[in-house]
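Chains as they are written, first to last, in my numbering: chain A, 1 to 234; chain B, 235 to 611.
For the record, the hints were derived by calculation from the structure and aren't laboratory data.
Please note that the accuracy of each hint is not assured.
Some chain B residues near chain A, calculated using beta-carbon distances under 8 Å [what the hints assert, rightly or not]:
(1) 250
(2) 252
(3) 254
(4) 275
(5) 521
(6) 544
(7) 545
(8) 603
(9) 609
We treat Cβ as the ideally placed atom computed from N, Cα and C, and that holds for glycine.
Listed here are the chains, written in short residue letters.
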Amino acid sequence: MTITPIAETKNASKTYKSGDTVILALKTTSITINKGELVLLLGPSGSGKTTLLSLLGCVIYASEGEVFLSNQSINELTDKELCDMRLREIGFVFQNYNLVSPLSALENVMLPLQLRGKGRGESREQAIEALTLVGMEDRMRNTPRKLSGGQQQRVAIARALVNNPSLILCDEPTASLDPKSVVYIMDRFRKLAYDGRTIVIVTHDMRLVPYADRIYEVDNGNVKKTDKSNFQIN
Amino acid sequence: MFILSTAIRFIRFDKAKSIGVTIGIIISTFLIGQQLGILNFLTGLMVTTAKNSNAQIWVIDESSTDINQLGRLDIRKLNEVRSIVGVKEAHPIVLAGGSATYPSGSTASLLLIGSEGPNFPAGPKMENIKQGNQADLQQDLAISSDFFDSETLGGTTEPGTPLEINGKQAKITVQTNGVRGFGAPIAYTTIERARFYGNIPSTSINGILVNVTNDFTVKQVVDNINGTLSGVRAWPVEDLKESTISTVLSSSGIAVSTGSLIVFALISGFFIIGLTLYSSALDRLRDYGTLKAIGAKNSHIRKLILTQAFLFAVVGFVIAFILLELFRKGVANTGLIFTLSPLTVLGMFAVIIAISMGSSAFALKRIKGVEPASVFR
Ligand SMILES: Nc1ncnc2c1ncn2[C@@H]1O[C@H](COP(=O)(O)OP(=O)(O)OP(=O)(O)O)[C@@H](O)[C@H]1O
Ligand SMILES: [Mg+2]
């Protein structure tokens, strides 16, 4: 199997300035995420996991160094082009699901397609397909308020993958879920990765370790590759 | 298209605030429409005399610009006007103020408008008569009064009601329907009786009503009169109406008070709508942030907000328009009769759309400032 890099950071770092204090949230980091991998970013709170994910997700610019997505350096992109990049290349899953509350599950999943200018009929068809993949097709008319956390997260996953993005980025996707939902969702992710999707998951939930192809540990802004066998799984 | 359906979802989701915005729009639209309606009613009253005459041209004293305040002309001007090329017919009109006393003891001022029977070129027109007919004005002591002026005029304006004008006996023989004066109620009568009640010498008139022959235009005849005769000025009736309205508006507080109420309605509408939109945007900040994070551009967000503002404006306007129609019908029963021309309604619609979309700037500015990265926190 050939290895295709999807996302890379090259000596990328991120500092935040708030008032007089400068926070080095992510120290100089070079990592490569390859196609078809399920990658975990593990680390304690405040270590810089979300910062790294946001860099990969074209949500923020690196302070130093470069970030590549599908071989395109995002440093050179304008805000608008960054929007487009997020829309076309990336699917996001958030800790708090972040479904658009006035819209039904189906409409939420249709959003990324319609934002790309696809017609209603086509978007609907593809959205239903994605919802079926996460087992939510029979609840697609419900608004987020009427769905449980696990169900909302499944809809969010459908929304993240409906566009066929090169990269699916998840920030603590299981933090608000019960064990059964965690298993369901991780099984989905595992299967998606086998099917060639690339998935990066930020977490401090050790239960996710067995699902990973590769693990990075993030600690105090340092990112280092870790072998799966370093974690004792019980 | 999906922006439209998404906008509708957002509107329906925040029902309380959506109702708030809509009410804001309804109130400002209604207030503006009401003010314009009342202004239309008042300006209509100012030119009642012109509207109810059958003349194409009014020849009046050269220094007058307000049809309600006409200086006196010498009766000899009448023959001079008749001799002008293009004049088909010319009739004198006499205006006189009178103080009326009713059997009940109450008093009121009247504006007597006298012209020659049997045709009464100064009015009333047949279509404006509720009871009686033009011939009834030729009876002894006869004057007309309006149905809607009953309250002011001693309680009734039924034909047969006796009264005194400036101490002389008179009798209502004709009841008009919605012919109402600006300063005082209008009473039509013959030219002699207007002079008699108003103590106006037989050598004086207040104006000459002219119609032109088929082979001349109104403008040509106006120019002929103004070029030939001195001391008088001929006006096309529409011009005289305009002049009257602008004279009265500029010399009274009507324009200022109506204008300031409209401005007030606009400003308060702008802020009520703007702040309610802003507050509902604040409630949905997280949703707008999510939209941005998953790749919606600022232009998408702008369209989404503006579409909501537009929908609010359309719905609010339609409801306000229905309320205005009810108001119009309601007050018409009391004689306050106004119309809002299609152009006025269109203008109001444009203004409401503008303030509603303009005031969404507060919300837009706030949402524009939302970082897509904020959804990760
Ligand atoms: N916008 C910001 N402005 C200032 N400081 C920030 C900002 N975002 C993150 N930081 C800081 O950068 C550091 C790393 O934050 P980050 O959110 O990446 O951590 P994390 O590993 O995701 O933590 P958690 O597990 O609690 O989500 C923290 O010290 C945080 O306070
Ligand atoms: Mg985080």
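Does the nearest C-beta of chain A fall within a distance shorter than 8 Å of the C-beta of residue 521 (chain B)? At about 5 Å, which falls below the 8 Å cut-off, the nearest Cβ of chain A leaves the hint on residue 521 (chain B) intact, so it holds.
Minimum Cβ distance from residue 275 (chain B) to chain A below 8 Å? violated, 44 Å
Should the interface hint for residue 254 (chain B) be scored as holding, given a Cβ-Cβ cut-off of 8 Å against chain A? violated, 17 Å
Can residue 250 (chain B) be said to touch chain A, with a Cβ gap under 8 Å? Violated - the Cβ of residue 250 (chain B) stays beyond 8 Å from chain A, reaching only about 14 Å at its closest.
Using 8 Å as the Cβ threshold, decide whether residue 603 (chain B) counts as touching chain A. violated, 13 Å
Hint check: 8 Å Cβ-Cβ cutoff, residue 252 (chain B) to chain A: violated, 11 Å
Please verify that hint: residue 609 (chain B), Cβ, nearest Cβ of chain A, below 8 Å or not. At about 6 Å, which falls below the 8 Å cut-off, the nearest Cβ of chain A leaves the hint on residue 609 (chain B) intact, so it holds.
Can the hint on residue 544 (chain B) be confirmed by a CB-to-CB distance to chain A that is less than 8 Å? Status violated, d = 17 Å.
Holds or violated: is there a CB of chain A closer than 8 Å to the CB of residue 545 (chain B)? violated, 14 Å
Hint check: violations occur at hints 1, 2, 3, 4, 6, 7 and 8; the rest are consistent with the structure.
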